[in-house]
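Participant: Listed here are the chains, written in short residue letters.
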Amino acid sequence: MENTIFDEKFLQNLERLAILTRRTLAGQTQGERRSPKRGQSVEFADYRPYASGDDFRRIDWNAYARLERFFIKLFIEEEDITVHLLLDSSRSMDWGEPNKLDYAIRLAAALGYISMVGLDRVTVTVLGHNSRRAEYYLPPLRGKQQVFQLFTFLQSIQPDGKNPAEHLLAYAIKAASPGPVILISDLMNEGWKNGISQLAMRGFEPTIIHLLSPDEFDPAHFTEPPLAGDFRLMDQETDQEVEITADFETLDAYHQQLTEWQGTLQKFCGQRGAHYLPAVTSTPLETLLFSGLRRQGILR
Amino acid sequence: MNFLTPAAFGLGILLPLIVVLYLLKLRRVERRVSSTYLWRRMVRDLEANAPWQRLRRNLLLFIQLLFLSALILALARPYIWSEDFSGLSAILIVDTSASMAATDVAPNRLENAKQQIYQLVNSLAQDVPITLISAGIQARVQVASSLDRRHISQTIQNLQVEMGPSDIETALQLASAIAARQPQTVIDIYTDGGASLPSNLTVNGQLQIISIGSNGDNQAITRLLLEPSPGGEDTTAFIQVVNYSDVEVLRRLKVTVDGAPFHVIDISLAGREELSLLVEAIPINSEFVEAQLFPSTTTEDYLSIDDLAFSVNRQQEPLQVNLVSSGNRFLETALSLLPWVQLTRTDPGSSGTLLESDITVIDTALPLTTTFPAGNLFFISPVNSTEFFSVTGVLEHPIPVPATDNLDLLEFISLADVNILDGIEIPLPDYAEPIIISAGEGTQKGHPLLFVGESGGRRLVVQSFSLQHSDLPLQVAFPLLIANLIQWLAPEHLYSIPSQSVPGSAVAIILPLSITNPGAGQVVTVTRPDGQKIEQQAREGRVIYSDTSQIGVYTVETNGSPAQKFAVNLFSGQESEIKPSSLVTAAPVESQGINGSAQNNRQEWWRIFAFLALALLVLEWFVFHRSSLVYIASRISKSR
Numbered sequence: 001m002e003n004t005i006f007d008e009k010f011l012q013n014l015e016r017l018a019i020l021t022r023r024t025l026a027g028q029t030q031g032e033r034r035s036p037k038r039g040q041s042v043e044f045a046d047y048r049p050y051a052s053g054d055d056f057r058r059i060d061w062n063a064y065a066r067l068e069r070f071f072i073k074l075f076i077e078e079e080d081i082t083v084h085l086l087l088d089s090s091r092s093m094d095w096g097e098p099n100k101l102d103y104a105i106r107l108a109a110a111l112g113y114i115s116m117v118g119l120d121r122v123t124v125t126v127l128g129h130n131s132r133r134a135e136y137y138l139p140p141l142r143g144k145q146q147v148f149q150l151f152t153f154l155q156s157i158q159p160d161g162k163n164p165a166e167h168l169l170a171y172a173i174k175a176a177s178p179g180p181v182i183l184i185s186d187l188m189n190e191g192w193k194n195g196i197s198q199l200a201m202r203g204f205e206p207t208i209i210h211l212l213s214p215d216e217f218d219p220a221h222f223t224e225p226p227l228a229g230d231f232r233l234m235d236q237e238t239d240q241e242v243e244i245t246a247d248f249e250t251l252d253a254y255h256q257q258l259t260e261w262q263g264t265l266q267k268f269c270g271q272r273g274a275h276y277l278p279a280v281t282s283t284p285l286e287t288l289l290f291s292g293l294r295r296q297g298i299l300r
Numbered sequence: 301m302n303f304l305t306p307a308a309f310g311l312g313i314l315l316p317l318i319v320v321l322y323l324l325k326l327r328r329v330e331r332r333v334s335s336t337y338l339w340r341r342m343v344r345d346l347e348a349n350a351p352w353q354r355l356r357r358n359l360l361l362f363i364q365l366l367f368l369s370a371l372i373l374a375l376a377r378p379y380i381w382s383e384d385f386s387g388l389s390a391i392l393i394v395d396t397s398a399s400m401a402a403t404d405v406a407p408n409r410l411e412n413a414k415q416q417i418y419q420l421v422n423s424l425a426q427d428v429p430i431t432l433i434s435a436g437i438q439a440r441v442q443v444a445s446s447l448d449r450r451h452i453s454q455t456i457q458n459l460q461v462e463m464g465p466s467d468i469e470t471a472l473q474l475a476s477a478i479a480a481r482q483p484q485t486v487i488d489i490y491t492d493g494g495a496s497l498p499s500n501l502t503v504n505g506q507l508q509i510i511s512i513g514s515n516g517d518n519q520a521i522t523r524l525l526l527e528p529s530p531g532g533e534d535t536t537a538f539i540q541v542v543n544y545s546d547v548e549v550l551r552r553l554k555v556t557v558d559g560a561p562f563h564v565i566d567i568s569l570a571g572r573e574e575l576s577l578l579v580e581a582i583p584i585n586s587e588f589v590e591a592q593l594f595p596s597t598t599t600e601d602y603l604s605i606d607d608l609a610f611s612v613n614r615q616q617e618p619l620q621v622n623l624v625s626s627g628n629r630f631l632e633t634a635l636s637l638l639p640w641v642q643l644t645r646t647d648p649g650s651s652g653t654l655l656e657s658d659i660t661v662i663d664t665a666l667p668l669t670t671t672f673p674a675g676n677l678f679f680i681s682p683v684n685s686t687e688f689f690s691v692t693g694v695l696e697h698p699i700p701v702p703a704t705d706n707l708d709l710l711e712f713i714s715l716a717d718v719n720i721l722d723g724i725e726i727p728l729p730d731y732a733e734p735i736i737i738s739a740g741e742g743t744q745k746g747h748p749l750l751f752v753g754e755s756g757g758r759r760l761v762v763q764s765f766s767l768q769h770s771d772l773p774l775q776v777a778f779p780l781l782i783a784n785l786i787q788w789l790a791p792e793h794l795y796s797i798p799s800q801s802v803p804g805s806a807v808a809i810i811l812p813l814s815i816t817n818p819g820a821g822q823v824v825t826v827t828r829p830d831g832q833k834i835e836q837q838a839r840e841g842r843v844i845y846s847d848t849s850q851i852g853v854y855t856v857e858t859n860g861s862p863a864q865k866f867a868v869n870l871f872s873g874q875e876s877e878i879k880p881s882s883l884v885t886a887a888p889v890e891s892q893g894i895n896g897s898a899q900n901n902r903q904e905w906w907r908i909f910a911f912l913a914l915a916l917l918v919l920e921w922f923v924f925h926r927s928s929l930v931y932i933a934s935r936i937s938k939s940r
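In order, the protein sequences belong to chains A and B.
Each step along the first sequence adds one to the number in the working numbering, with nothing skipped, and position 162 is 162.
Counting from 1 along the second sequence, just add 300 to a position and that's the residue number in the working numbering.
The following block holds chain B by itself, in its conformation from the complex (with noise of 0.2 Å):
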């Protein structure tokens, strides 16, 4: 044992001084009786209790020895080193990631951490400040070197398991650059493992990894996607379920539609296999699935958060394009063969104001004061400027290739076979971004002869060729080129919610209004699993939702529009093998011991010494007074 002030130890010479003022005669005062005759008398009767006497006033220099001895080793504030915990200060890396609310050990992984904890917090001395990071989704800083273990242990106590993976990297780079400020930092991960970290991470300070857990038996859905059956007539589900334990396992999974039992089907698993089911017949306008593991009650499932999953029943509405010519059979071919397309053609001449449809396709020459009709546009080879682009001249015998390379549009499409006999001359806009360009000799070269880009809040693709003067449509890149370009052209409110996200990400959901109304004002609001309504208002027409903790389906709804579902799912391999492993790096992390060995946590005992002499201080003031008291409780006992 050592000790921090030693000097208290002076005052050791206090304890001589009580024995010698005992062994000294009381100062008595004198005072003048009639006669001691009957004092004499009672102290004879008191002296025949003399050994009590004597040891009341022994118990009582005994107490104020000891009393004092205790005060003393508490004013020298004893300590002893204990392995637990080394360093002037601790950084606690708590994993809360969704594998942490397995229930092998009791309550659970992450309460487990957390009594942990509290014992570390509680066995540190005082002067050690305390960071506590939570490695959730996003690693957060909850307390930031703070000395207020109050503070500390209400917010461990706050901590919840988050249905998502840990962040254990960027706690890790925060609790290095905390650790950066403070010398001697030991930085102890709670953690059940299943985090990957880099390769080459250096941690400043001494780390210590406490794995949490016990047990990895776990089954999981690890997916549930919805397809439209090949006839269009009904939905299939696709489901996958793993079992993450070593031995064979019998399940019963209950899949659900819109709330309503559909279908239960009882499986086997073997030791970590994986099984693909098909849940067919599914109605077709059914908004969403509900599939469910239940457990048996022969081996443990210890996560319940992954035996759901949830998946929403989209039904994808036709995309309304117009073709604007005066006769086209390759585009028109070429169009109507896209499955989402509801095409239909106008005729140039048929009357002066075009039809607002998603996608107008124009393939001929209009008038110089046609209105062009909301939507998205499509110029082939326009003969006229626009208020988009200006036609400057003719292009000879261009000579088509990707403007660069690894264009997603020009995905698949091969221009090496293609010829054009002409073009238009368009200079390249400021918005636009060329796909394909001449790579012609001279004067021509460089120049686009197709090109995408956004201006007056619609989508432009401006081709400066004619089909009849070139033979792609008789290539097979001209039907991957008009799909690229029209899926692209498509107004963003097919796929403005994703069906399916994961626990803490970010849903952007922009809203299905027209391109030319952005919708600036709406309101979004998100319903979630829970109930709880969201509001939110929306920016330029979409709203980026993120509070999307919780797994179930949401429920995205906007003044004047139909209600949209997207579904919240764990589906995460790594957070469902909860089978407790080290944190599994590339190569070893490197950590820099405190002083190049290991040292050992100062445990001080001083409030145990404290604690003592106050009890002492209390025993012996009943001691002196026993007397009183009983004198006083004998009078009032016969009082009464």
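Chain A extracted, bound-state conformation (with noise of 0.2 Å):
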């Protein structure tokens, strides 16, 4: 099933990379990635004064023969994080050559793959339809043996989502497991700050990688036929349309207010502490992940 998405070596060279957070999580079980517990790595945290109960084991007989007081050693525990994979399903993303969908559902392998060969847990939702369904939500999964699952899980996704942001405003106020969210959406629908907001309310680390085809890029040189003239556009996830005369002009217009978009969706996640990475389909995945996504921060 893998090979359909990545080859082999593709694959190994994800297997270097890994998630990073920004500060440490708590999660579910014992992992490879440092928790605000105390535990039981190797690696020491703190002391305190011994309590009826307490594993005698753990106390520092060196600390009781100068003080002549019991103390346990603490020590850093070290869990596994939940990754959620947010994967827009609208129909806007069915569109552009390379398609979004398809890039989005590739990148999000890539990145639920990172994390599983990492031992954190990956959680899949598909924006859109707000149901814990089956089709639609995969439950966290861990390790790198739960992958052919995941990979079943995204292949099967269908661009027919709807109201994609009201989605995502319903999982940040329930999700559980706070951790890094990744977002990969083309975000063409009002509504998305509410969600982004409340994630990072929550405690989450989201990252929004904004994902457009060539022709939303520039639409100017990348159409097909050209865009030139009197059209009507028609919105193909929504119906609405657009009426417009397509010169020098309004093309000049519209990538200004692209440029104008993308630099507000910047700022706003940047002052929630959140990744905003615009990426087009044109790019290859592999440039974006060893590239892009590391410049940023979200992978190492």
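Take these hints with a grain of salt, some might be off.
Said to hold, decoys possible - Derived, one-sided and incomplete: chain A residues facing chain B with beta-carbon distance under 10 Å:
1. 29
2. 92
3. 187
4. 213
5. 219
6. 229
Unchecked claim - Examples of chain A residues toward chain B, derived with CB under 7 Å:
7. 57
8. 61
9. 99
10. 188
11. 201
12. 231
13. 242
14. 249
15. 254
16. 257
As the list claims (entries may be wrong) - So the derived label-pair ranges between C-beta atoms look like this:
17. B/359 / A/132: 55 to 63 Å
18. A/132 / B/934: 45 to 53 Å
19. B/302 / A/225: 49 to 57 Å
What the hints contain is simulated information worked out from the structure, not anything from laboratory work.
C-beta: ideal position from N, C-alpha, C; glycine also.
Using the hints, put the two standalone chains together into the complex.
Facilitator: Shown next as structure tokens:
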């Protein structure tokens, strides 16, 4: 199954990467990430006075020799984290060459694989359905052996979601296990900011990968047939219509609008400690993973 | 405003059509996109500038409506009637006489007339044929009924002032002949007046006279003559200066002899005064005299070409007359009294061959075998027949009477008291013209007693009665008759070139060759005042030189003969009187008005509307592509 998405060599390259978190996050089971909890690792964290019921084996006898009081040695706990992969499945994602949804699935698969290799838990939610049904929600998976299940789930995603922004808000309110949230969407709706704010407020570490197709990024040059003349543009997601006269001035205004929009989003995310990464599907996935995401501090 | 093709207004139906097109929604191409989210945002921004967007659309509509309106107006060919010109064809007569060089209107009258004609030509409709006639020394049709405005303008540009009078009459006759073939012709005459028209001139077409010039202040030299002084030692110049203005002026007259200053006179001329001056003691051997008036700084002299005059000094060569006579006191005395005659007498028995001279007077009987010398011959009572006439008998008591009235040779001569004893009967040869004939009865009636003629390239005078057998030598008429006959016989080289001529007139140059050698094939070189040499082939011993357009001294040269000079001067009171006046007619010129009432000129305006339409089209293009142009400009600036 994974061969249809990535080849072996690519997977091997992915295994060198890991998802970064800005702060220590509490996990559920033992893993490889430092946890705010005290636990059983070999890394010393602190002392605390002995209390009744504590394990005698954890008393620091050297301290007792000097102070004649019992102290328990505390060690840093190493746990896993839960990586939340959120995929926009609205119909606007089924667009472009390369297709945005396909690109998003491959990107999510790669990030999920990286997380699983790092002994983190990965959960995938298909935004646009607000449902816990199995085809729209993948419960947390852990361990490399679960990768096939992840890939299978991702490949079954269909571009039929509606109101993904509202779904994001609902997810942000309800989601447990704060950890990195990677949202892959074209953000071609209103209301995304509420969900992102909610995620950041609840202790998640959101990363927004803003995915656009080449013709959305530069309609003047990548639209076939060329966008020149009088058009009635029809939204394939909402069937809304916009009438434009595509001349140089209009296309220039579109480009300015896009730049401003991305700038606004970047500023908004920056203010909330979220990563914002605009991406175009014409960029090779390897470049995005090994260069773009690493440069942003999302991967290492 | 009227319209030549009002049917073009039918295109006005396109005007509401444009508005309807704007009112109808544009037929847009449907295109599916992933999302219209960004486009909607952008359109919201554009709608923020909606007033301008609407204005831009309305501006385009406005410009397009204006463009179509201008185009329809141009196609409808609007025109207005102006009072400047009437008729369907125009004949423009331009006075190019010397007075048109006056500078009272800048730069001069002819240039001023040209400018007015340019304006008229440019204002006329394209389908109005224009004929341009210059009325200089000769009237010439410069452009005949042409629609080619460029050619007409070029021809107007090339018009030059001619140093002579204007032949307005011929120009009008030409114009009238042309107008007869064209309906509704207007004839415009651009002139400063000074020309006269015949009294009974009938002109086809409507005649308009445009007066050129504003001021008549001018002084001119109207005469310059050279005469030998009574003693014959030197020459006296007679100069006449006229003030054509109404105020007194001060002028300086400078006289130059052979190019060297000779005399300077300051003169004061009252208004309209004619002043005659004598300049004496000019060397007898001088070739030419030049007189020039210099204007003062106080008063104007608007015409300068008449301030200059020339005169050549002709030294008369003596006339060689050989009298072959055994003795005739009356005849010898009469001939010797002639001042320009150098008389020699030959005894008929002295030698067999007669001397060659200008005139040979044969007053004796010569042998039949005699060879006559070159030159003209004057036979008096010949006894024998010659190659020129035959002697057939004797006339008894002929009564001399003039052959016809008004004979030049018998001017001031009365034959009433002349008696003749007898004479020789000589039938009148074919070439001859009788001067005195016999008025006797019977067979003697009508026989010539004196006849003249030209035969064999020479002039002949034959008097058929002897002076000894008549009382003519005792009459007052005798020296006059001899003087007239000798003058008629004198070889023409003495008077071959007139010493003075007027601009534009032809000068007959008769070659100074012997009569028996007519000089065929000789080349005559005329050097004009500007130094240009013109060569002309002589025909039958004479050349007609006509290029006398310049004022000054002309030099005539032929191979092997001394150069002769002649002067060309304006000397035209009509041209020097530059005060603008209407054309002088003894009676009003009859001109045929068009349809009996004045009509106006049709001035078309379609060019203005066509140009306006073109300008609007360009403006519409710029407005329509304004955004693209701004975008391209910004891209270029960014790339820099």
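Participant: If a hint holds in the structure, say so; if it doesn't, say that too.
Facilitator: Against the structure, the hints:
With a cut of 10 Å, the hint placing residue 29 of chain A at the interface with chain B is violated, because the nearest CB-to-CB distance is about 41 Å. The interface hint given for residue 92 of chain A holds, since its Cβ lies 4 Å from the closest Cβ of chain B, which is under the 10 Å cut-off. Of the supplied interface hints, the one on residue 187 of chain A holds, with its beta-carbon coming within about 8 Å of a beta-carbon of chain B, less than 10 Å. A cut of 10 Å between beta carbons decides the hint on residue 213 of chain A: the least distance to chain B is about 7 Å, and the hint holds.
Interface hint status for residue 219 of chain A: upheld, as the beta-carbon distance to the closest one in chain B is roughly 8 Å, under 10 Å. For residue 229 of chain A, the interface hint holds, since its Cβ comes within 10 Å of a Cβ in chain B; the closest pair sits about 6 Å apart. The restraint placing residue 57 of chain A at the interface with chain B is violated, with a minimum CB-CB distance near 62 Å, outside the 7 Å limit. The restraint placing residue 61 of chain A at the interface with chain B is violated, with a minimum CB-CB distance near 67 Å, outside the 7 Å limit.
Among the interface hints, the one on residue 99 of chain A is violated; its C-beta lies about 10 Å from the nearest C-beta in chain B, farther than the 7 Å criterion. Interface hint status for residue 188 of chain A: upheld, as the beta-carbon distance to the closest one in chain B is roughly 4 Å, under 7 Å. At its closest, the beta carbon of residue 201 of chain A sits 25 Å from a beta carbon of chain B; the interface hint therefore is violated under the 7 Å criterion. With a cut of 7 Å, the hint placing residue 231 of chain A at the interface with chain B holds, because the nearest CB-to-CB distance is about 5 Å.
For residue 242 of chain A, the shortest C-beta to C-beta distance to chain B is roughly 4 Å, which falls under 7 Å, so the interface hint holds. At about 3 Å, the closest approach between the beta carbon of residue 249 of chain A and any beta carbon in chain B falls short of 7 Å, and the interface hint on this residue holds. About 5 Å separates the beta-carbon of residue 254 of chain A from the nearest beta-carbon of chain B, less than 7 Å, and the hint is met. At a threshold of 7 Å, the smallest CB-CB gap from residue 257 of chain A to chain B is about 4 Å, leaving the interface hint in force.
Separation of residue 359 of chain B from residue 132 of chain A is about 59 Å and conforms to the stated range, judged on CB atoms against 55 to 63 Å. With their beta carbons about 52 Å apart, residue 132 of chain A and residue 934 of chain B fall inside the hinted range of 45 to 53 Å. A C-beta distance of roughly 53 Å is found between residue 302 of chain B and residue 225 of chain A, which places it inside the suggested range of 49 to 57 Å.
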